Amino acid sequence: MLKVVHYINQFFANIGGEEMAHVPAEVREGIVGPGLAFQQAFGEEAEIVATIICGDSYFNENLEEAKQTIINMVKKYSPDLFIAGPAFNAGRYGVACGTIAMAVRDELNIPVLSGMYRENPGADMFKNSIYVVSTKNSAAGMRDAVKKMAPLALKLAKGEKVGASAEEGYMPNGKRVNFFEKERGSRRAVNMLIKKLNGKEFETEFPMPDFDRVDPNPAVKDITKAKIALVTSGGIVPKGNPDHIESSSASKYGKYDIDGIMDLTEADFATAHGGYDPVYANLDPDRVLPVDVLREFEKEGKIGSIHRYFYTTVGNGTAVKNSKAFAEEFAKELLADGVDAVILTST
Amino acid sequence: MKLELGSIFIKDIQFAAESKVENETLYVNKEEVRQIILEDQNFKSADVELAKPGESIRIMPVKDVIEPRVKVQGPGGIFPGMVNKVETVGSGKTNVLKGAAVVTTGKIVGFQEGIIDMTGPGAEYTPFSQLNNLVLVCEPIDGLKQHEHEKALRFAGYKVAIYLGELARNLTPDVVETFETPSIIEGFKMYPELPRVAYVLMLQSQGLMHDTYVYGVDAKQSLTTMIYPTELMDGAIVSGNCVSACDKNTTYHHLNNPVIHDLFAEHGKTLNFVGVIITNENVYLADKERSSNWSAKLAEFLGVDGVIISQEGFGNPDTDLIMNCKKIEAKGIKTVIITDEYAGRDGSSQSLADADASADAVVTGGNANEVIELPPMDKIVGYADVADIIAGGFDGSLHADGSITAELQVITGATNEMGFNKLSAR
Amino acid sequence: MVKEIERAGIPVVHMCTVVPISLTVGANRIVPTIAIPHPLGNPSLTMEEEKDIRRNLLTKALKALETEITEQTVFEK
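Chains A, B and C supply the protein sequences, listed in that same order. Using the numbering used here, the first residue of the first sequence is number 1, and each one after it goes up by one. Using the numbering used here, the first residue of the second sequence is number 348, and each one after it goes up by one. Using the numbering used here, the first residue of the third sequence is number 774, and each one after it goes up by one.
Simulated from the structure, these hints should not be mistaken for lab results. Only a predicted model underlies this, so the values are computations on that prediction, with no experimental measurement involved. Heads up, some of the hints might be wrong.
List of simulated lysine-lysine pairs, DSS-like, C-alpha gap at most 27 Å [to be verified]:
hint : chain 1 : residue 1 : chain 2 : residue 2
1    : A       : K321      : B       : K367
2    : A       : K227      : A       : K196
3    : B       : K391      : A       : K196
4    : A       : K302      : C       : K824
5    : B       : K391      : B       : K377
6    : B       : K726      : B       : K391
7    : B       : K644      : A       : K195
8    : A       : K182      : A       : K136
9    : A       : K196      : A       : K75
10   : A       : K255      : A       : K332
11   : A       : K324      : B       : K673
12   : C       : K850      : A       : K255
13   : C       : K824      : A       : K75
14   : C       : K850      : A       : K221
15   : A       : K161      : B       : K769
16   : A       : K321      : A       : K332
17   : B       : K367      : B       : K377
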């Protein structure tokens, strides 16, 4: 029987949410959490011999150490396959899954597999290096994810030939693979055109290479005269979150006046972000949006001035499309207000 | 313009004393066919062979594939401006020997003709493995120039196809399909609520035997223009092409253009198929700009909501494709493009030579660089020794046992950019 | 967001902890920060020490904004 080691985070191991994201790596014999669904799908063909659990913050902040510890844990079981996740749209979990899966493959030379939502930052980072199955954006999509991941996992473990991404369910990885569609190309083109004409979603068979890079703007000539605006995706808002920015999948952004405010304090500001442990940011919001030090710089003449308003939203699980639309909108205001440069902080 | 297309099904092909069609079998008098070929003084000898589906036969190097058709009613004849007079075709009745084809072979350029395997893994990639083929093996006179050889072989193919097509003149078709394109005004009145769609058909016209002919006119000398879809069914457009085998449009493809057939299938249901814009793929940048400007202008002129654009060939024609797409999208007209890919043997290189963000709806015929293994066949029709130099082949492609290791691009029609096949890539 | 601000013509520096994400997202001027929940602070230090960290990071950010670049650049020092 094929042996599988499974990697999950603190949340899926039922240890806790963001407040427990600092827990270091541990290994448990057998199945934990979502491993059960995988085990059922594998049937008699494969067995999850161990599950490794690691807090998302711990992993990302202690990268080298965490990687080495986990590789050693995996090595002990000499498995035929390593599965990380699925991470759905949890950004740091996705990055952790991709990082550790790639490290395991490179160090131990065993096939690896992960699963994520397409907008998970880990997807873009790792889909070209390892097989990453495309999942839904939340854990509600677990069944669907396992249905796609388990057959591919078995194929990888057995060393069988992997087909095209469209057949196997992994995210396109920059390697084009031929396969036979059900309909001929002209029929597919007609179907695609009908969808496009009717404003329905369609899927191109060859996404154009990503040109969406913006050339860097020229440097600020004299920073001591520059008007600088603060922007954050860390969700810093006036206490009480007056505009009710969602803690995840934000549909809006906030614009708040900091005229005369020298320091962001626990009394007046907090974070609305639901994707990281909020304790530190709530105790001192300057840790995310550094108003205090920037005011010093302003006084000392290191910068011209701080723009009167800061812009904020929650980057947690927010659709790329949304955050793009937010920034398109407020960038116009920044321009109109004569802002010379922006400091954007992210958590 | 309205055409009734009658298909007479052909399930077998045999040599016989008299050429005729009987019980779904095409009987061919070999000697008569040889004489047709040898009418041309440029050939010193000619042979004719049969290749049927499932037989262990490899045909190479293949130049063109042509379907036998005959004009039963209505003006003009098949291949107007080439073999028949320049009469506007596309209306009346046409009969087709469905399931049969004439395949021309010859060492013209050597490296730009293809392979058709009638069985095995290679057969899955070419639609012509499913046909009952009459293969012409024509030996040119010594010292014949390449372009004269190309032209002679091109005409040999048409003439034999017309000879076979004549056999269908008085037969009752097994199936009759009717295709009709109303005038712009009528069409608009008939389907006021349906989106209007045109088809932009790009024709290979880079010269040096990379040519396509429209009513006998070399497409590179023409501005972008319009044509009724049924005109193609009567052979108004033919291939004179020696590009990479996998994505050149043979005359068979032009006669059976799949985009035209699939747009007709939706005509009056989900869309209003207005007509075909034909444009070329020339080698000069100014030509590319002018031709694509013209495609966009005609699409706008027709007031269409969407177009499908099909390509022929690869490399610099990718630029023509992207220009057409970009300029038509810029008019507010939605596009879907059909192309194929040269993503390297491992599939990780850049697939197209050009690209643009507006090309957001792409259908691909697959990666032409993917390497395939073609097992030995019992019989080679043509010349096996060209495997090493054929485009997509490489030194050592041809093994001692007759098997071939080569890129998919050696197979005729494998990654067709009209969307003739089911092959795709992700 | 960072790309849209850049696109609008305003130079922008992205201060974040997970630099590879920033690179993927397409930021041009990047300053790596301390940790995800407290990019510009460190709760294990005193408030004054934390402020020093913040001063240090923001000085880097200003330097990034003053530096001409032609491609994505991570300002480590």
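Pairwise hint evaluation, K391(B) against K726(B), where the allowed Cα distance is 27 Å at most: Status holds; Cα separation ~24 Å.
Agreement of K227(A) and K196(A) with the hint, judged by alpha carbon distance not exceeding 27 Å: Measuring from Cα to Cα gives roughly 44 Å; hence the hint is violated.
Satisfaction of hint between K769(B) and K161(A), Cα-Cα up to 27 Å: holds, 21 Å
Distance restraint between K644(B) and K195(A), which requires alpha-carbon spacing of 27 Å or less: Holds. K644(B) to K195(A) sits at ~24 Å (cutoff 27 Å).
Restraint status (C-alpha distance of K302(A) to K824(C) at most 27 Å): Holds, because 16 Å separates the two Cα atoms, which is no more than 27 Å.
Straight-line alpha-carbon gap K850(C) to K255(A), limit 27 Å: violated, 32 Å
Given hint K75(A) paired with K196(A) - CA-CA distance at most 27 Å: This hinted pair is violated, its Cα atoms lying about 50 Å apart.
27 Å limit on alpha-carbon distance, applied to hinted pair K824(C) and K75(A): violated, 43 Å
Pair hint outcome, K255(A) versus K332(A) [Cα-Cα no greater than 27 Å]: Satisfied, since the Cα-Cα distance of roughly 13 Å is no more than 27 Å.
27 Å limit on alpha-carbon distance, applied to hinted pair K324(A) and K673(B): Given that 27 Å is the threshold and the Cα spacing comes to 24 Å, the pair holds.
Hint consistency between K850(C) and K221(A) [alpha-carbon to alpha-carbon, up to 27 Å]: holds, 20 Å
Pairwise hint evaluation, K136(A) against K182(A), where the allowed Cα distance is 27 Å at most: With Cα atoms ~25 Å apart, K182(A) and K136(A) stay inside 27 Å; holds.
In summary, the numbered hints that this structure violates are 1, 2, 3, 9, 12 and 13.
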